[in-house]
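Trainee: Chains as they are written, first to last, in the numbering used here: chain A, 1 to 262; chain B, 1 to 262; chain C, 1 to 272; chain D, 1 to 272.
Just so you know, these hints were derived from the structure itself, not from any lab. One thing to keep in mind: the hints can contain errors.
No more than 27 Å apart at the CA atoms, straight line, and that leaves these computed lysine-lysine pairs for BS3-like [said to hold, decoys possible]:
{"#": "1", "chain 1": "A", "residue 1": "Lys-61", "chain 2": "C", "residue 2": "Lys-197"}
{"#": "2", "chain 1": "A", "residue 1": "Lys-220", "chain 2": "D", "residue 2": "Lys-98"}
{"#": "3", "chain 1": "C", "residue 1": "Lys-197", "chain 2": "B", "residue 2": "Lys-109"}
{"#": "4", "chain 1": "D", "residue 1": "Lys-96", "chain 2": "D", "residue 2": "Lys-44"}
{"#": "5", "chain 1": "C", "residue 1": "Lys-98", "chain 2": "B", "residue 2": "Lys-109"}
{"#": "6", "chain 1": "A", "residue 1": "Lys-109", "chain 2": "D", "residue 2": "Lys-197"}
{"#": "7", "chain 1": "A", "residue 1": "Lys-127", "chain 2": "A", "residue 2": "Lys-61"}
{"#": "8", "chain 1": "D", "residue 1": "Lys-197", "chain 2": "B", "residue 2": "Lys-61"}
{"#": "9", "chain 1": "D", "residue 1": "Lys-197", "chain 2": "C", "residue 2": "Lys-137"}
{"#": "10", "chain 1": "B", "residue 1": "Lys-61", "chain 2": "C", "residue 2": "Lys-137"}
{"#": "11", "chain 1": "D", "residue 1": "Lys-137", "chain 2": "D", "residue 2": "Lys-197"}
{"#": "12", "chain 1": "B", "residue 1": "Lys-61", "chain 2": "B", "residue 2": "Lys-217"}
{"#": "13", "chain 1": "A", "residue 1": "Lys-61", "chain 2": "D", "residue 2": "Lys-197"}
Covered stretches of chain C (in silico footprint by chain D; criterion: 3 or more residues with CB under 8 Å from a CB of chain D, positions within the stretch not fixed) [what the hints assert, rightly or not]:
{"#": "14", "region": "190–196"}
{"#": "15", "region": "226–233"}
Using N, Cα and C, we set each Cβ at its ideal position, and we do this for glycine too.
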Amino acid sequence: MNAAPREFRSEELLADVIARLIGDVRHVAVGNASPIPATAALLARERGHGRPYVSLLQSRKHNFFTDGARELFDCAGQGRIDVFFLSGGQIDGQGNVNLVSTGDYAHPKVRFPGSFGSAYLYYVVPKVILFRVEHSRRTLVPQVDFISAPGTSSPEVYRPGGPIALVTNRCLFSFAAGRFTLASVHPGHTVAEVIEHTGFEFERPETVPETPAPSPKTLKLLRETVAPQLAEVYPQFAAQVFGISVPSPERGRVRVGVAWRY
Amino acid sequence: MNAAPREFRSEELLADVIARLIGDVRHVAVGNASPIPATAALLARERGHGRPYVSLLQSRKHNFFTDGARELFDCAGQGRIDVFFLSGGQIDGQGNVNLVSTGDYAHPKVRFPGSFGSAYLYYVVPKVILFRVEHSRRTLVPQVDFISAPGTSSPEVYRPGGPIALVTNRCLFSFAAGRFTLASVHPGHTVAEVIEHTGFEFERPETVPETPAPSPKTLKLLRETVAPQLAEVYPQFAAQVFGISVPSPERGRVRVGVAWRY
Amino acid sequence: MSAPLQSLDDALTLITDGCLLVVPREVSGVPMAATRALIRRGVKRLHLVALPTSSLQADLLIGAGCVETLETSAVSLGEFGPAPRFTAAITSGAIKMKDATCPALHAALQAAEKGVPFMPLRGLIGSDVLAYRDDWKVIDSPFGNSDPIVLLPAIRPDVALIHAPMADRFGNIWIGRQRELATMAHAAVRAVATVEKIHDGNLLDDPVLAAGTLPGFYVESIAVAERGAWPLGLPDHYGVDAEHLAEYARMAATAEGFAEYLERYVYERRAA
Amino acid sequence: MSAPLQSLDDALTLITDGCLLVVPREVSGVPMAATRALIRRGVKRLHLVALPTSSLQADLLIGAGCVETLETSAVSLGEFGPAPRFTAAITSGAIKMKDATCPALHAALQAAEKGVPFMPLRGLIGSDVLAYRDDWKVIDSPFGNSDPIVLLPAIRPDVALIHAPMADRFGNIWIGRQRELATMAHAAVRAVATVEKIHDGNLLDDPVLAAGTLPGFYVESIAVAERGAWPLGLPDHYGVDAEHLAEYARMAATAEGFAEYLERYVYERRAA
Chain A
1 MNAAPREFRS EELLADVIAR LIGDVRHVAV GNASPIPATA ALLARERGHG
51 RPYVSLLQSR KHNFFTDGAR ELFDCAGQGR IDVFFLSGGQ IDGQGNVNLV
101 STGDYAHPKV RFPGSFGSAY LYYVVPKVIL FRVEHSRRTL VPQVDFISAP
151 GTSSPEVYRP GGPIALVTNR CLFSFAAGRF TLASVHPGHT VAEVIEHTGF
201 EFERPETVPE TPAPSPKTLK LLRETVAPQL AEVYPQFAAQ VFGISVPSPE
251 RGRVRVGVAW RY
Chain B
1 MNAAPREFRS EELLADVIAR LIGDVRHVAV GNASPIPATA ALLARERGHG
51 RPYVSLLQSR KHNFFTDGAR ELFDCAGQGR IDVFFLSGGQ IDGQGNVNLV
101 STGDYAHPKV RFPGSFGSAY LYYVVPKVIL FRVEHSRRTL VPQVDFISAP
151 GTSSPEVYRP GGPIALVTNR CLFSFAAGRF TLASVHPGHT VAEVIEHTGF
201 EFERPETVPE TPAPSPKTLK LLRETVAPQL AEVYPQFAAQ VFGISVPSPE
251 RGRVRVGVAW RY
Chain C
1 MSAPLQSLDD ALTLITDGCL LVVPREVSGV PMAATRALIR RGVKRLHLVA
51 LPTSSLQADL LIGAGCVETL ETSAVSLGEF GPAPRFTAAI TSGAIKMKDA
101 TCPALHAALQ AAEKGVPFMP LRGLIGSDVL AYRDDWKVID SPFGNSDPIV
151 LLPAIRPDVA LIHAPMADRF GNIWIGRQRE LATMAHAAVR AVATVEKIHD
201 GNLLDDPVLA AGTLPGFYVE SIAVAERGAW PLGLPDHYGV DAEHLAEYAR
251 MAATAEGFAE YLERYVYERR AA
Chain D
1 MSAPLQSLDD ALTLITDGCL LVVPREVSGV PMAATRALIR RGVKRLHLVA
51 LPTSSLQADL LIGAGCVETL ETSAVSLGEF GPAPRFTAAI TSGAIKMKDA
101 TCPALHAALQ AAEKGVPFMP LRGLIGSDVL AYRDDWKVID SPFGNSDPIV
151 LLPAIRPDVA LIHAPMADRF GNIWIGRQRE LATMAHAAVR AVATVEKIHD
201 GNLLDDPVLA AGTLPGFYVE SIAVAERGAW PLGLPDHYGV DAEHLAEYAR
251 MAATAEGFAE YLERYVYERR AA
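Generate the whole structure from the sequences, applying the supplied hints.
Mentor: Have a look at this one:
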C-alpha cells in the first residue's frame, strides 16, 4: 500500500510484532519492568475492542487481583492466563531460559536476580512470548548455564504451556518442536547479521520476510490511545518513547530492561 | 464449705464441668448449635480474665475469622486451637464418634447430618471434649455403626489431638489409652444408673466422686456476666436458662441439640 | 469486560442438567432465590457440592428431584432439626452420597484453585469417611516420618453459584469475609452470582472495598435478587427467617407436605 | 487479648539470631524501618525467606551481614538495576542460596498455613531450580495419568515480619488486598508488624474493614512506624522514593559505598 518510508521507533515496531503474536485470546498478563510487552498488550486490547483482558502486574489500575501475590500463579494454574512474557540472562536454542547465573551454579561468574515465576509459568501458560531486546551471542547461547525453565518437556510431564516465539531488537523467531525458526527480520537488519549475533542454531526458510512496519493506524493507536494508559505504569518510558508525561505519585523512574544489564 | 443444697440448673452444672475441663489454654473454639459448650468457654474466659481466646463459630462478635470458612480448619492445623467440642449420634467405648448413619452405610436405618469437621478436628485439636446430653444405650454404644472419626489411631498416624472426656446429663467420663473412665457422677444421679444406661464398658474407681455443684461465685458469673454475652448467639437458650432476653435481628430460635433428635 | 448483568433466569442458563455445581455453606450467603428459579426450571441430575455443608438449599434441591449426587460434610436445618428431604433421599437411596469432612472439601476446591491435581490433608485415616471414598488416596509422606497422609483429588466445578451483598457493572462482586466464595469462583470453570444490589462505580477503585471483592474476571453472569438468600440470612445484612424455617421443617417432614411447600413458595413465586 | 502495641525495638525482640524469618515482596508493604532497626541491633544468621521476591530489604540485610541462608525467587532493585550486595554475596559464596520459583514459595507457606507437611506444584520438572533443591521431592501423581509432580515441604517460619497501613488496639491489622501477608502470619509461629497508624475502634467491627483485616490472634507485637516502608512504597499510600533507590544502587555498588550508606541511613537513624 504505502512504499514510502515511515517514521517509527523500534519500541513501536516491537510492540506491533508482539501484539500480533498475542492474537485472539482472553487474558494477557504482563510482569514487572516490561514496558514494551505492556504496550503490546494494551495495543492488542484496543484492536480487540476490549478483548483480551490485560493485567499489568505492576499497575494498580490494570490489575484486578485481590487475593494477594499468589493469585497470578493460581490464575495461571486454572488456565485463565493465555499469554505471558519471559526474558532471560541467557536463552538457548532449545528454548531454555536462564534467570539465575552463568558459570558453575555453586561458584557463579555472573548472578542474575533469580527465576521469578518462570519455572512454573513457562509450563502452564499456553503462549509464552520470550522477549530480549539485546540480541547477541552473550544472551542467545547454544546452551544455558542454568535452566530456570526448560523450553520443552518430555511427554509424561504435564505441560499445557510453553514458548511460541522470541522477539529481539533484530528479529522475530517462532518456536515449535523444540527449535527456533527465523520468522522475520526487522527493518534495517539482515539475516546475515542475525546469524552473526545468534549463539544458537536455528531454522530459516529460503527467503526470510521483513517484519512489517507498523501501519499508520497502529502508530496512531499507539501514540494517541495506548501511550496515555501506559503512562500510569511506565511514566518514564511513555515520556521517552511517546512524549507523554503524566505525573504519577506512586511510581519511580523506569529504565527498560535494566535488570538484565551485566 | 457449704453443705446446704443450692439451686442451679443442669445446664449450669454442665457448663461448670466443661469449663474445668478446658483448663488453662490459649484458644477454645465452639462449633454451631452448642450453647452449653459456649457457656462453658465464656465462663472459662471470665475466670481466666480474658484467657482463653474464645471463638464462637456461630457468632459475628465472638469470631475473629476473616479468611473464610476454611480458616477454622487451617487454624486447627497450625496448632492454634487448643480445645474443641464434638458430639455424635453414636459414641462408643473406644471414643469413636458417628455423625453419619446407623445400620449399613449403603442402606442406613437412620441418617444423621454428616461428619462435619470431625474427621479432621478430632485428630489435630489437643483437647476434644465430647458432649452428648442424652446418656442412653442408644447414644453410648459398644461399637458405632460408622466411624466419622476414631477415638485413637495407630502410632504411625500423625495425631496430636483427640478426646479427653465425655460429658453427659448423668456423668463425666475421662478418656485415656483408648478407654473411658467414670470420673464423676452428677448430683441426683448414681453409678448404677450410669451403668444401666451406658452401652459400652468403662473403667471406674472403687469410689466414684460426685460432680461438684457450681459454686455461688460460678453461678453469679454465669448469670450476671456470661449469660448476657451468650444472648447474642443463643438468645433462646439464654432466655430459657438464664432468663435473659436480648433482641437479636440476625438470629433465629435455638433449640438445644435438636439436630441429634431421632 | 462489560457488565454481565442479566435477569435471574438468564443468569442461570449456565447451570445445565448434569452440571457439577458448587454452593456455599448455609451462613455464607446462599443463593436461595436462584435455587428456587432452578427448581422452577426443572434442572436435573446435578452433582451438587456444598462447601462444606448445607441446610435448606440442598434439602430443597434434593426434594425437588434436581440432585443425582451430593458431596458434602453435612446437611441439617441446624436449630430446626434434621434436613427431612436429605434424610429421606439417603435412606431410600434416591441420591448418591459422597460423605466428606469440611476441610477436605475446602482443600479439594483449593487444589482446583491452584491448578494441582490433589491436596494432602491430615486426619481421616482410620475413619469410615475415608474408607468409603475410593477416589481418595493414602500415601506415605515423603517428608519427615514417612507417615501416611490422605491425598484428595481436586474438585473443579462447572459452575460456582453464590449470593453476595453487591456487585458493580464491571462484574466485580463484594464478598467481604466470605472468602470461600472467592475460592469457589477461582476453582470453578465459571461463576454465577446473585446480589442484593448494584454498587455505583468500580469496586476495585476503592482499596478498602477491593479487599473484599471477587474480580469480575471470574464471573460469568450476575442477577440482582433482593433478599436473595431468604429465608436464610446474609451476614451483616439480615438474619434467618426463623418462622419460615420452622414452617419448612414441619411441611417437609412428609413428601406431601414438601410438595405443598414447593407449590406455595417455589412454583407460585409468592416469596421469590 | 490485649493490644500488643510496643516500641519498634521491643516489637522486634522476637526476631532472634538464627531465626527463620519470612518477609513480603517489594511491593506489598515492606517493613523497612524494622529492617534498619534489626541491622542496628546486629541480628545474625537469619534464614530469610522472601515471599516470593525481594529488593532493597534483602540486599540491605545481606550486605549488613545478617543473613546466613536466603530462600527466594529473585532479588533485584527492579528499575534500579541488580541488587548489588545480593549479587556480591552470591558470587563470593558469603550466603547460602536456596533458589526457588514464586508459586513454590507461596505453596510452601500455604502448606504451613494448612498444617500439611507438603504441597504439590506443577511446573519445575526438568529445571535446574528443582535439580538443586534436594529438599523438594518428585512423585508420580496417584491420580489421572500418574504423571510426575513436585512436592514442596511446608515452610513454617519462626516469625513473619510485615508492614501495613493500620492496626487497632486489639492487635488486628488491616492488610487490604495484600493477602499474602495473612498467609505469612498464618504460616508463621508468630507475626510481628509495623503499621503507619493506629485505627480507633476495632477493625473487626466494621464488615468492610474486616474483609481486609488480619485478626490480632495471629499477631504477637506491633509498633507504629510512620512511612515504615520508606524508601519502598506502600500500596495506595505512597510510592517508592526513586531518588533514594538510585542513590542506594550507586552507593551499594561497592562494599565501601554500602558501608557509608549504612552509616548514613541506618546507624545514624537519619531517615528511620
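Trainee: What hint numbers does the structure not satisfy?
Mentor: 2, 3, 6, 9, 10, 11, 14, 15
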